[in-house]
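**Q** For the protein sequence lines, the chains are Y, C, P and G, in the order given. In case it helps, the numbering used here puts the first sequence at residues 1 to 509. In case it helps, the numbering used here puts the second sequence at residues 1 to 509. In case it helps, the numbering used here puts the third sequence at residues 1 to 251. In case it helps, the numbering used here puts the fourth sequence at residues 1 to 251.
Read the hints as simulated data drawn from the structure, not as lab findings. Where hints are given, some of them may not hold.
[Unchecked claim] Derived lysine to aspartate or glutamate pairs resembling EDC-like cross-links, with alpha carbons at most 20 angstroms apart: (1) P/Lys-164 - P/Glu-122; (2) P/Lys-164 - Y/Glu-408; (3) Y/Lys-337 - P/Glu-78; (4) Y/Lys-500 - C/Glu-348; (5) P/Lys-164 - P/Asp-220; (6) Y/Lys-270 - Y/Glu-253; (7) Y/Lys-40 - C/Glu-77; (8) Y/Lys-255 - Y/Glu-269; (9) Y/Lys-67 - C/Glu-233; (10) P/Lys-221 - G/Glu-180; (11) Y/Lys-67 - C/Asp-50.
[As the list claims (entries may be wrong)] Just the calculated beta-carbon pair ranges, DEER-fashion: (12) C/Ile-478 - P/Val-68: 39 to 49 angstroms; (13) C/Asn-336 - Y/Trp-498: 19 to 29 angstroms; (14) P/Val-68 - C/Thr-503: 15 to 25 angstroms; (15) P/Lys-221 - C/Lys-501: 30 to 40 angstroms.
Every residue, glycine too, gets a C-beta built ideally from N, C-alpha and C.
Spelled out from the first residue to the last, the chains are:
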Amino acid sequence: MVMKYRIFIILGMILQIFISSEYLPKSDAFAYQDTLDKIKSRGVITWGFDAEGGAPYVFHDPAHPAKLIGFEVEIVEAIARELGVKVQFFQNAWDSILLSLRRGDFDIALNGIEITPERVQTALFTRPYYAYTEQIVARASDNRINRLEDLHGKKVGTLYNTEAKRLLEEMGDVAVSIYSGQVEPFKDLSLNRIDAVLVDLPIAAYYAMPNPQLRMVGSPVGEGYYGIALRKEDTALAEELNKITEKLLRTGELKRIYSRWGLWNVAQEKLFFHEGLLQQYTESPPSVSETMPVGVTRFLPTLFKGALVTIGISLLSMMLAVTLGLLLAIMRLYGNKWFQMISTAYIEIYRGTPLLIQLYILYYGMPNIGVSLSAFAAAILGLGMNYAAYEAEIYRAGIQAIHKGQTEAALSLGMSRRLTLKRVILPQALRIAIPPMTNDFIALFKDSSLVSVIAITELTKSYGILAAASMDFFKLGIITALLYFGMSYPLSRYARKWEKKLTSHDRNL
Amino acid sequence: MVMKYRIFIILGMILQIFISSEYLPKSDAFAYQDTLDKIKSRGVITWGFDAEGGAPYVFHDPAHPAKLIGFEVEIVEAIARELGVKVQFFQNAWDSILLSLRRGDFDIALNGIEITPERVQTALFTRPYYAYTEQIVARASDNRINRLEDLHGKKVGTLYNTEAKRLLEEMGDVAVSIYSGQVEPFKDLSLNRIDAVLVDLPIAAYYAMPNPQLRMVGSPVGEGYYGIALRKEDTALAEELNKITEKLLRTGELKRIYSRWGLWNVAQEKLFFHEGLLQQYTESPPSVSETMPVGVTRFLPTLFKGALVTIGISLLSMMLAVTLGLLLAIMRLYGNKWFQMISTAYIEIYRGTPLLIQLYILYYGMPNIGVSLSAFAAAILGLGMNYAAYEAEIYRAGIQAIHKGQTEAALSLGMSRRLTLKRVILPQALRIAIPPMTNDFIALFKDSSLVSVIAITELTKSYGILAAASMDFFKLGIITALLYFGMSYPLSRYARKWEKKLTSHDRNL
Amino acid sequence: MIEICNLLKEYGRQPLFKGLNLNISKGSVVAIIGPSGSGKSTLLRCMNGLEAFQRGCVSVEGHKLYGVLERDYNKGQESIIIKNIRRKVGMVFQQFHLFPHMSVLHNITTAPIHVLGIQRAEAETDAISLLRKVHLEEKAQKYPGQLSGGEQQRVAIARALAMKPEAILFDEPTSSLDPEMIEEVLQVIKGLVLEGMTTVIATHEMAFARDVSTHVVFLDKGEIVEQGSPKAIFSNPQNDRMKAFLSRFMK
Amino acid sequence: MIEICNLLKEYGRQPLFKGLNLNISKGSVVAIIGPSGSGKSTLLRCMNGLEAFQRGCVSVEGHKLYGVLERDYNKGQESIIIKNIRRKVGMVFQQFHLFPHMSVLHNITTAPIHVLGIQRAEAETDAISLLRKVHLEEKAQKYPGQLSGGEQQRVAIARALAMKPEAILFDEPTSSLDPEMIEEVLQVIKGLVLEGMTTVIATHEMAFARDVSTHVVFLDKGEIVEQGSPKAIFSNPQNDRMKAFLSRFMK
Ligand SMILES: Nc1ncnc2c1ncn2[C@@H]1O[C@H](COP(=O)(O)OP(=O)(O)OP(=O)(O)O)[C@@H](O)[C@H]1O
Ligand SMILES: Nc1ncnc2c1ncn2[C@@H]1O[C@H](COP(=O)(O)OP(=O)(O)OP(=O)(O)O)[C@@H](O)[C@H]1O
Ligand SMILES: [Mg+2]
Ligand SMILES: [Mg+2]
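Same shape as in the complex, but just chain Y (with noise of 0.2 angstroms):
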């Protein structure tokens, strides 16, 4: 949940492999001949996956939390059965499951991976176990949403990395909201944020079917693969494995394990004939992508979005703070003595409380109030709200080193407190308040990145999603490094052209 300074910490990491090469992988996956014999000699197969991304796929069972239970544990354990071996288990972040796979941490990863073409061009794919589909789920009150065409024009939540969020995307007018956690799209859902949640059948079958405010819309839509990836050189485990699947699935031995978990449905059928299908993305693509420059490039749209986020939601965010600033710092300056105790506890706090807690209680505190706000409305009210706090200060400064007799001289002439403050007073403050205003604004890029805890996807969740997907943390993370220096530099250009402008005629009276 931390995505704050996961970007520098592998940055700093990557830093540290380059500078002492003690830190280097102490082995890697291409000292094995063939993962295959070491399986059947060890008698171990290791599997990664992550119970965090929770049910059906792998998670502990409530009633027995020891224990890991769901279909994918099933399938591996039949697999290993057929294998003739035991299953280690290994934990691994969904995030890095890829890319701890080719380190070597397991022999095999199995946890609702989708083919697509980027994973084809990292790892290996069997054949597919699951032809997964997408279900799109709406509130049971809600009648508008009865087909995948429904969608358009409303906000639609789904998870990262998935191809849910993909087909979402290509339709282009819908608002998609994308969250980390299988449990808080259901309840953004349920608390109106969202219209509907569209994701993986299986997710949808296990959190909303139970759910009675919640429904399955109509049938599912799209469809995919879930496959096994294996590490690109074990070629030999790879045919084992299909061997295995094709038994599996010839014995009804895979159906009895999807309908025992409420997956089974026609789409499995093709499971028989999938083979063409997936010849097309392990064959063809790799010789036109396989060289990183293209990779690298592919992404930056995606990247640039998520800076766009952070820009948006910095900017709005920014706006807030220096309304409200402003209006906190008058109180304290101006008010009676009610205003100005209001408007320095208001400071106080804020100041002295940590952003994150401010988060959560606006996101998941204020609907038990009534009042339910999206997540892009309660990041910006959030930032906005803790660095008005702080602008409030730098505004009082300002104002206070004004002259004393612009004040008199402009009272002197009828004009009322407030048309002083606006025509004489403000106009001089904010010279003097442009550069701590610039640092704070500088600073919030990168605390902004703190939103990424409700569900928004801005530069550096961007970041953590796409180096996962490619595996290419270093470019990445230069790139993105590089697309934050990119915004605060013109703002602090702009800032300071700003001032002088202020200053040109100002022999400072």
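Got chain Y; can you put chains C, P and G with the ligands on it based on the hints?
**A** This is chains C, P and G with the ligands only, laid out in the frame that chain Y set:
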């Protein structure tokens, strides 16, 4: 490693729990009548450990990364064999291993967990399976250190939450550096940053023995026991495991395992007679300190110590930031073209790039060019240099707000530029700069928690350590949050007083 | 038009005015003279609601402002009264206090446009003709920082006149002016008087006071030592303090 | 002592001085008079290195400051020259520019203590006697914000004198002073002259210029139109512009 927001995430989660009950753990350990029965009926014992903790306990075989090895793996496998069940591996962060045990994520926690009075209050321990001792490691070239007593007045590294740490702290005049990773203390030892390392023998044996630069000093000191942690109610399981341990001891299997890992020593003989000792932990203290208030207040000194470190680092780095920032501001305002360029570039780069990268370069990068900073120095330098960029802009704004006539009057009196700045301009600019400076200082308190990445135990890290040890996340979290507020509020009060004093007779000429 | 009764004003524990009374009738030109620090500026500031006072009252055409310690003092009403007073009474400061971020023209037109609601074009025409009066029409687009002291002084006068007050308080209006300009300002003020404007001038320029005023008030250490027609005062001062003060002017 | 040769000074593209020459000999008291905006303040600022100029030079006892476009202009040396000039030439500003964060005493003693290295006690004794000269001994502990305009003016004069300069430039030193104080300042300046102090005074007070100066310079639109002894200038002005300017003073 990202400690910065850990406390707040946890607080946030607690908040969430209070707000919506849907986040409550779906089941808890008390649902079990008997874990032993469950293990037997499932045929699986789930073992919680942290492979990141590393060698020689449980770790990924460098030659075959997919495989977990270590002496504890062998012990657990032996236990499982005796129980007639299979082992299910459950990777869990070491910090929260007892917490997860209590939640029911796994059946046993066995991972170099020292039996301590605190832990005995939250978990049930089996009889010890290993008698650990503490080993001093020094540089081979350093012949000053030959006994524990020689550590007085030295800088000694150790791991957090260990008995070795407690031992060092009891010695009084030892400067203790606390690390989270097992590699870093030895690295810093080679880099002359610390004089010695005191850690559990297994760690010293694995990491220091093969390094020709380091040597094991004298005979091991101190003593304690590793035990298997169980949930409090699993007395039947404890009995069974005690029996098995006894058997493994008697048959010599344990000795064989330890010998293979170079861990057998005479201290292990005590395992046969330890029982009285264990009782001492398990029976007497709980009656005194099981009540929570005692528990929480007992941790206060450590929290206060962390708060002192936070205050110390913040104060010192703010002093640096103030001085360097002033220099930068003066360079920008009065320097020639080159000074202006240098200052502007410094400000843009230090504002535009993340603090964490700056810290990493300073601490891990600088030794490569021959400059090896202590963690404390690196922390202060890193924070100070980062904040200096922000302060510089604040001072510039303050200085520029002062009437040009003031400078002219001072110059016409024959004052030098330096004197003018010091006696006439800065005292007036300061008044304007105080509010934004206060803003930054308060933000610095929070940002200073980032330095925990370089082995400094400040407030947030202290919280993390204590919370993991006591498992009282909520109360400790509230106390920690109050401590942070308790730092920023007096600061902000004092700043206002100071500001008022500077304003008092200044009708703003 | 302006009435000051029993004005008591203290700085800290140091009393400046200890019960001062002054009556300024409509259309009169009152010159306040007296040594430096005698309270001339403070008296003007009290008349315009810029300086709070402890006791007594200042009343401008029925708008009565009480000292903060008076029984009749009403905090809620205060700002309304002051506002009304300021609409009627303009002021030119000893240190000008021009708005540095506005051009000369903008300095003059801001208040008429936003307070009186006059059209911009009309306000600018008025401003230009006022600038012409003070010989600054070619500096209309300059900023205060680019003007000499005397030029700033004249802009400040034009700015106050632009509000068309019924009375105007000048705090040493001629202190930065050269003799020619003093003559001009004298003409301007005389013109204002003809239009019925009540004028109060704190000044050190005895010749100016003598030539322009209809009534002279001599202030010393916060007390009105002598007052009367300029002729009486300058040709035949009664008080010794006053005689000493005027000696240099007389010789 | 102060020599100005061929001074060319432009604001933007607008020339103010177009080759001005002026020679101020040691011990003389030069009054610069002229209409507002004629360049009096700017001329003084040029003499003290506060205003850069394009061409020509200002020389104070051999310390020669060149215009930035001159061949002899030397950026590296400039600050040293200016420093030397300022040690010899003090200045009192039209707008005082007292240091608001220091008490009156502190305002006066700061430069002597830190620039000349005089002991604090001695500097304070000196300051008190200077304050006595300008009748402000009882305001020594006050802050500038608590003083009237005239009081501030006098503190500024005391502050400049405390540096014991060889020459002193006054920019309208009497503009905020009452007639009595003008007399006092006149005595102070006359005393300085007796001590051999060279004095340059930009002023609008013709009587003051006449009484105090040994040489009068009439400036108009940046040009020296006429100069000479006060007697010659005031009793028998040659130039028409000058005659017009003086007419009010003469009548
Ligand atoms: N920074 C500037 N930019 C443009 N013009 C300026 C600037 N400073 C001064 N001037 C112009 O230069 C001229 C001379 O100004 P200066 O202050 O020297 O006049 P002065 O003789 O001292 O007038 P006064 O008697 O009113 O003080 C004025 O017309 C003024 O407008
Ligand atoms: N804020 C203050 N605190 C203390 N004393 C003050 C304050 N303001 C003014 N005074 C004192 O009040 C007295 C009157 O000041 P005021 O400015 O009214 O004098 P003035 O007659 O206008 O003098 P000048 O002719 O020099 O302008 C002065 O002695 C001054 O020192
Ligand atoms: Mg005054
Ligand atoms: Mg001037």
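**Q** Each hint needs a verdict: does it hold in this structure or not?
**A** So, going through the hints one by one against the coordinates:
Using a Cα cut-off of 20 angstroms, the hinted pair P/Lys-164 and P/Glu-122 holds, with the two alpha carbons roughly 14 angstroms apart. With a C-alpha separation of about 18 angstroms, the suggested pairing of P/Lys-164 with Y/Glu-408 holds against the 20 angstroms cut-off. Restraint check for Y/Lys-337 and P/Glu-78: the C-alpha separation of about 17 angstroms stays at or below 20 angstroms, so the hint holds. Between Y/Lys-500 and C/Glu-348, the direct Cα distance comes to roughly 17 angstroms. Compliance with the 20 angstroms bound is thereby established for this hinted pair.
Note on P/Lys-164 and P/Asp-220: the hinted pairing is violated, with a Cα-Cα distance of about 32 angstroms set against a maximum of 20 angstroms. Distance hint between Y/Lys-270 and Y/Glu-253 is fulfilled; the C-alpha atoms sit about 16 angstroms from each other, no more than 20 angstroms. Between Y/Lys-40 and C/Glu-77 the CA atoms are separated by roughly 19 angstroms; this keeps the pair inside 20 angstroms, and the hint holds. Simply put, Y/Lys-255 and Y/Glu-269 have alpha-carbon atoms about 10 angstroms apart, close enough for the 20 angstroms limit, and the pair holds.
Our distance criterion of 20 angstroms between C-alpha atoms is met by Y/Lys-67 and C/Glu-233, whose separation comes to about 18 angstroms. For the proposed pair P/Lys-221 and G/Glu-180, the alpha carbon gap of about 14 angstroms is at most 20 angstroms, so the pair holds. Our distance criterion of 20 angstroms between C-alpha atoms is met by Y/Lys-67 and C/Asp-50, whose separation comes to about 18 angstroms. Checked against the hint of 39 to 49 angstroms, the pair C/Ile-478 and P/Val-68 passes, with Cβ atoms roughly 47 angstroms apart.
Distance hint for C/Asn-336 and Y/Trp-498: a CB-CB separation of about 25 angstroms, consistent with the stated range 19 to 29 angstroms. Taking the beta carbon of each, P/Val-68 and C/Thr-503 are about 22 angstroms apart, inside 15 to 25 angstroms as hinted. A beta carbon spacing of about 32 angstroms between P/Lys-221 and C/Lys-501 agrees with the range 30 to 40 angstroms that was offered as a hint.
The structure fails to meet hint 5 from the earlier list, while all remaining hints are met.
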